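*Asks:* So you can see what is in the structure, the chains are spelled out below.
Number of protein chains: 2
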Amino acid sequence: MPAPQEFIDYVDKSTGVFIQRLKEAVEIPSVSGDASRRPDVIRMANWINDQLKAVGVTTRLADLGMQEIEGQTLPLPPAVLGRIGNDKNKKTILVYGHFDVQPAFKSDGWDTEPFKLVIDGVTGRLIGRGASDDKGPVLGWINVLQWHHENKKELPVNIVCCFEGMEESGSEGLDELVQRESQPGGWFDGVDAVCISDNYWLNTRTPALTYGLRGLSYYRVTVSGPGRDLHSGVFGRTVFEPMTDLISIMSRLVDNRGNILIPGIQDQCSIADDKEKKIYAGLDYSIHDVEEAAGGNIALSSDKVEVLMGRMRNPSLSLHGIEGAFSGVGAKTVIPAKVSGKFSIRLVPPQTPESVDPLVVEYIEEQFKTLNTKSKLEIECLHGGKPWVTDHNHWNFEAAKRATLAIPDLTREGGSIPVTLTFAESLGVNVLLLPMGRGDDGAHSTNEKIDKTNYIEGTKLLGTYLYEVAA
Amino acid sequence: MPAPQEFIDYVDKSTGVFIQRLKEAVEIPSVSGDASRRPDVIRMANWINDQLKAVGVTTRLADLGMQEIEGQTLPLPPAVLGRIGNDKNKKTILVYGHFDVQPAFKSDGWDTEPFKLVIDGVTGRLIGRGASDDKGPVLGWINVLQWHHENKKELPVNIVCCFEGMEESGSEGLDELVQRESQPGGWFDGVDAVCISDNYWLNTRTPALTYGLRGLSYYRVTVSGPGRDLHSGVFGRTVFEPMTDLISIMSRLVDNRGNILIPGIQDQCSIADDKEKKIYAGLDYSIHDVEEAAGGNIALSSDKVEVLMGRMRNPSLSLHGIEGAFSGVGAKTVIPAKVSGKFSIRLVPPQTPESVDPLVVEYIEEQFKTLNTKSKLEIECLHGGKPWVTDHNHWNFEAAKRATLAIPDLTREGGSIPVTLTFAESLGVNVLLLPMGRGDDGAHSTNEKIDKTNYIEGTKLLGTYLYEVAA
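So the protein sequences, as listed, match chains A and B. Residue numbers for the first sequence follow my numbering, so the first one is 432 and each next one is one higher. Residue numbers for the second sequence follow my numbering, so the first one is 432 and each next one is one higher.
Read the hints as simulated data drawn from the structure, not as lab findings. Just so it is clear, the structure is predicted and the values come from calculations on it, not from any experiment. One or more of the hints may lead you astray.
To be verified - Each pair of labels, with its calculated beta carbon distance range:
id	chain 1	residue 1	chain 2	residue 2	range
1	B	Pro789	A	Thr801	53 to 59 Å
2	B	Glu723	A	Thr801	26 to 32 Å
3	A	Thr801	B	Leu836	47 to 53 Å
4	B	His580	A	Lys537	25 to 31 Å
5	B	Ala837	A	Glu809	55 to 61 Å
6	A	Phe536	B	Val792	52 to 58 Å
7	A	Ala837	B	Pro789	30 to 36 Å
8	B	Asp542	A	Gly555	34 to 40 Å
9	B	Met497	A	Asp494	24 to 30 Å
10	A	Phe536	B	Thr543	44 to 50 Å
11	B	Met432	A	Asn803	41 to 47 Å
12	B	Lys537	A	Ala855	45 to 51 Å
13	A	Pro470	B	Met497	53 to 59 Å
14	B	Glu723	A	Glu809	20 to 26 Å
For glycine and all other residues, C-beta sits at the position ideal for the given N, C-alpha and C.
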């Protein structure tokens, strides 16, 4: 059934209140990957908890234990679990989101302070770290609940919430929690379907429903030798330099067309047949879209199907950077003593970190041997998540299709939300990805934003989905 | 003639005062390469100026004009010029040093605060940024003058000082000053020889006199494409990634044996004959020395002559790092939009930046073309300096040999002090490099130090040299 018109009207009327809520959330710099920000992530968990309680949700802060990070032992931020409604005649929907964010510094190239929500009156953009990934969507659910709570309206479904604070850092501790709470008598027991709003439209026009995600395996390759950083005048051409060896290794991982040079990795994936290619051909997407979103005429191909397959159904390897080398402005004549190259591989079914990691480690060790160097090598798999694909004709997806005003793109996402698979496997139910933001939102990038339209219409969409899925 | 015994005794007695002087100097973080530290470099210039005036030197702060750095226009720190004595029957010696330092943060891996002088009571090390490079030696000259001033002793030579604050950033503005002041009537007019104390012994045992320096050409290679940093999940394998192209280019510059892969660069240098090789064979130096100084068993060869030639008479290419890529701890899944690889080449005669730069630019442009990428390339030559070799049998060197207690190593240095050549060419006189610190001092590195013995005995050496050169 459609959502009540009063709900739709209420959302339109409450734009200011909802933006104020997002503003407060963005101002808490809940960066999970930065040890010094851990208190802010925990503060954010408590803020979300308070917001949920204020709209009538029964909550619990779930302790996830401790974590080793940057040589310190720190408490993981708790997951915020919520429950509202317990009617056995209604479906129970689990909604997931995360309240932690990627690192952001103004000096990265932001036009505004990343942890202040800036409202661009001309474009209607709400700019700030986490606005789209994933605070906006999490607050979307709270916005929906606010109407029901204030107006004493019964929800069409029972809702179980799971909001975590470690998504940007491998969702540490969450798998165990989900598995535990999925057991009989657990917090998630009785869930009929899952809805996750933590990804993006393919373009900037067309809502999307997403039925696939790539997995991820993230690597750190460390090359070391000298006991400390050396002066390149004094030591240049007298010793093995770790940077030379590391750069050599990094240059052997991927070519600039995106082909992964590590043997066996592409071979693990199927070859797309004509039927599959037709799906990509049918999506509302053009090379112009990818280049507009990327901000440059840099598409790997002029063939839209090729480009979409690169994102949706092929593995990819990106070089992210080097830790320990000179990264500042200016001209420092240093031979860095210890340098760590960072790269990651996006995985597609049937790949898993477990199937890919040994190939990566073996290849790098083998290549390193050919360097015949006195430098030392260490390879670490920092974190990983399996890829996921589900049935997009399930009633969970059909409800979302009805809730969407336009005909949505059915997409597979290039990114990773590892918990998707954990929910699917632990609960044995269908998982729907229902994105709120657009393809150009700049998640993980500078000037991250969510369009006001997406935040407000997205709130309506989440509410309407609950009514449609109840039918 | 030898220095007076009272001078030697005074230096021994004044150890505490001299260390206090170094302590004050180290506490001023005069980092010339960091725009935000520019006021500290200027403060340092004034501190040196005050110190010189206090020991009877007539001084002048020489304005060097403005500089563009990190998008700002900043005043260059003034050079401090000094003059004491004007006796036409005496030789006039120009002494040069610099009071700016390399960047240093405790987080780089320092065991102590870099801008606090820490005295290690066990090893006798004086630890702090600039202790050896080059504040210790500059203060050595001031220590010498202090005895003469306090005791109203006439100096055996006229002294002209030139202390600058931009040495670690290409000595910007100094060439013009030296050329101008070398003209008739200029501050440096009438100088008979130059003494520079700004390099290091070959080992930790044997004083050295240095008659050669490598030059330097520093490059920044920037590859760009996307309009902003991208999420590797969303864009991985859909666009050309600047990091992939940059790493590919950086991997083609040098092999891990130190061989420069850019055609024509090694060919510019002569091949060492047996006579030249004998010089290196005779130096008090072992593979153990280089590995001890480097802190690892990483020498390129077990042949000492090979290793010494790598440092002293062959060009070298070191990869320093990447600006704009992910350089933090943790796992950020970013495709950086614009990345700048930094590397430099140490030059030997007859190479010059002018002869090397076109080969570098042409090679990189050519290699970049073979990548057939949509990324964009920019190559900048950030700064450069010519190499230098002089006659080590000149009376200036003979005086230094007599002033040195042991038989000194006659060395060529792997580093660059571009102003050496400027003095040699502008004044047409012999230039002597008279190092104070040891080969393991860690200039440009973490935990930079000067041994107390070197600072104190080095002060005696500088004073004694003035008496010997007067003879």
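*Asks:* All hints, please: hold or fail.
*Replies:* A quick look at each hint next to the structure:
For Pro789(B) and Thr801(A), the hinted distance range of 53 to 59 Å is not satisfied, since their beta carbons lie about 33 Å from each other. Checked against the given bound of 26 to 32 Å, the beta carbons of Glu723(B) and Thr801(A), roughly 29 Å apart, stay inside it. With their beta carbons about 50 Å apart, Thr801(A) and Leu836(B) fall inside the hinted range of 47 to 53 Å. For His580(B) and Lys537(A), the hinted distance range of 25 to 31 Å is not satisfied, since their beta carbons lie about 51 Å from each other.
The supplied range of 55 to 61 Å is broken by Ala837(B) and Glu809(A), whose beta-carbon atoms lie about 43 Å from each other. Taking 52 to 58 Å as the suggested C-beta distance range, the pair Phe536(A) and Val792(B) does not conform, at roughly 33 Å. One distance hint, 30 to 36 Å for the beta-carbon pair Ala837(A) and Pro789(B), is violated here, with the actual separation near 57 Å. About 53 Å separates the C-beta atoms of Asp542(B) and Gly555(A), a value inconsistent with the hinted range of 34 to 40 Å.
A C-beta distance of roughly 58 Å is found between Met497(B) and Asp494(A), which places it outside the suggested range of 24 to 30 Å. Between Phe536(A) and Thr543(B) the Cβ separation comes to about 27 Å, which falls outside the hinted range of 44 to 50 Å. The hint said 41 to 47 Å for the Cβ distance between Met432(B) and Asn803(A), and at roughly 56 Å that hint is violated. Under the hint 45 to 51 Å, the C-beta atoms of Lys537(B) and Ala855(A), about 47 Å apart, fit the expected range.
For the pair Pro470(A) and Met497(B), the supplied restraint of 53 to 59 Å is violated, since their beta-carbon distance comes to about 44 Å. In this structure, Glu723(B) and Glu809(A) meet the distance hint of 20 to 26 Å, their C-beta atoms being roughly 24 Å apart.
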